[in-house]
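For the record, the sequence lines run as chains H and A. With this note's numbering applied, the first sequence corresponds to residues 13 to 224, in that order. With this note's numbering applied, the second sequence corresponds to residues 8 to 181, in that order.
Derived by calculation from the structure, the hints in this document are not laboratory data. Certain hints may be false.
As the list claims (entries may be wrong) - Example chain A residues on the side facing chain H (calculated, C-beta under 10 Å, incomplete):
hint: 1; residue: R20
hint: 2; residue: R31
hint: 3; residue: A50
hint: 4; residue: L53
hint: 5; residue: V58
hint: 6; residue: H66
hint: 7; residue: R76
hint: 8; residue: F88
hint: 9; residue: E179
From the three backbone atoms N, C-alpha and C, an ideal C-beta is built for every residue, glycine too.
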Amino acid sequence: MNSPATIEALIADLQPVRPVRSRDGIGLLLVAAVLVSGVAAWRYGLRPDIVAGAPNPMVVLRLGTLALLGLATGLAAIASVRPAVGTLRTGWQWALAAALLFPLAALVAMAWNGATAPVALAADYGETCLRISLASAMFVGGALTVWLRQGASVRPRLTGWLTGLAAGSFGTFAYALHCPMIDIVYIGVWYSAAIAVAALAGRLIVSPLLRW
Amino acid sequence: MRTSDANLAQLMRLAQGGDAAAYRALLIACQSWLARYYRGRIAPHLIDDLVQETLMSMHAKRATFDPDRAFLPWLAAIARFRWIDQLRRSYRASETELPETLAVGAHDDEVGARIGIDRLLALLPDGQAEVLRLVKIEGLSVAEASAATGQSESLVKVNVHRALKKLASLCESE
């Protein structure tokens with residue numbers, strides 16, 4: 013066995029390290045989310061009902077769902093940097109299931125009232141939604157990925173998905189503060205599309221960056 | 008040498024602070040632990056390399072050990088990750104066949120059983136676990152595994168692929 017040479021080399025390379033702390037990652041995620049929301053609000057303006065302090069119930073519902081999904085998936089991604097057998101992180105799955113009610117409701121609404129779809133899927137609003145949501149998501153996802161790379165995820169594919177979902181959720185949250193639409197079909201289609209694209213980007217771009 | 012989890016965690020805490028003596032003791036203990044962990048779960052001639060790779064991974068990622076948590080579940084997650092990585096690298100050599108005497112449980116205590124590789128293999132469907140063991144651990148060819156199990160050659164390949172994919176997703180499972 014030639015391992016003693018390896019051990020001596022590792023000892024020679026030993027430097028003090030600061031243990032990776034989840035709270036640092038959580039702090040970074042929240043700061044990034046607040047930052048993109050602030051920039052989006054400053055650049056595009058807040059919805060009038062939010063400014064007036066009396067937001068439409070649908071706005072409250074979508075913002076709450078996006079924040080919960082972003083937090084749940086972000087926390088799961090952050091926790092994955094410190095691996096351990098016996099660690100079960102499934103909370104994000106419930107948050108995702110709850111968020112999926114929006115596209116499901118959109119499908120039901122379209123099935124019952126097909127005329128809603130063309131109006132709700134208005135391409136100009138939808139394009140703006142995707143652009144702002146994904147630009148914001150890119151910033152949140154980029155910051156989170158830089159932090160995650162110091163970790164040791166033993167499931168980099170899943171961590172990539174989770175990072176994309178978290179970034180997409182907070183990116184869409186930033187847009188939702190401005191979004192003038194409250195139609196369930198619009199929200200179910202365009203918000204879901206933005207989050208799905210961000211999640212896919214997380215799988216395709218972030219996962220390879222997390223391999224070690 | 009059998010060292011308690013609490014001792015190993017303490018050694019790692021000291022090593023994170025730069026204590027070379029503690030780190031030496033930790034690495035020697037981990038080397039021994041990993042050799043037992045992998046015994047019977049990979050071809051004997053690959054164990055040394057895999058142990059070294061795992062020690063290097065442990066070194067590179069030592070900052071991810073949480074000083075407030077148990078040590079062995081952390082080390083076992085890294086060990087499983089490296090083991091699955093090794094299984095993915097295809098190899099085929101007659102000398103990789105395992106003597107019966109090696110295929111014994113490396114960890115017979117309760118904690119070892121929960122974090123061991125056998126627990127991971129037990130989570131696979133029988134058909135997948137069987138061909139994975141034959142092809143990736145015992146080194147049989149796909150044709151030999153097919154003859155031994157009655158599965159078609161294409162099914163053996165599919166099952167090995169599925170097994171590796173599932174193992175990767177179960178890396179932190181008990």
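Status of the hints after comparison with the structure:
1. R20: Since chain H brings a Cβ to about 9 Å from R20/A, closer than 10 Å, the hint holds.
2. R31: holds (6 Å)
3. A50: violated (15 Å)
4. L53: With Cβ-Cβ at 13 Å, over 10 Å, it is violated.
5. V58: holds (6 Å)
6. H66: With a minimum Cβ separation of about 5 Å from chain H (threshold 10 Å), the hint on H66/A holds.
7. R76: With a closest approach of 7 Å, the R76/A hint holds.
8. F88: Interface hint status for F88/A: holds (4 Å vs cutoff 10 Å).
9. E179: The hint holds - E179/A has a Cβ within 10 Å of chain H, the shortest such distance being about 5 Å.
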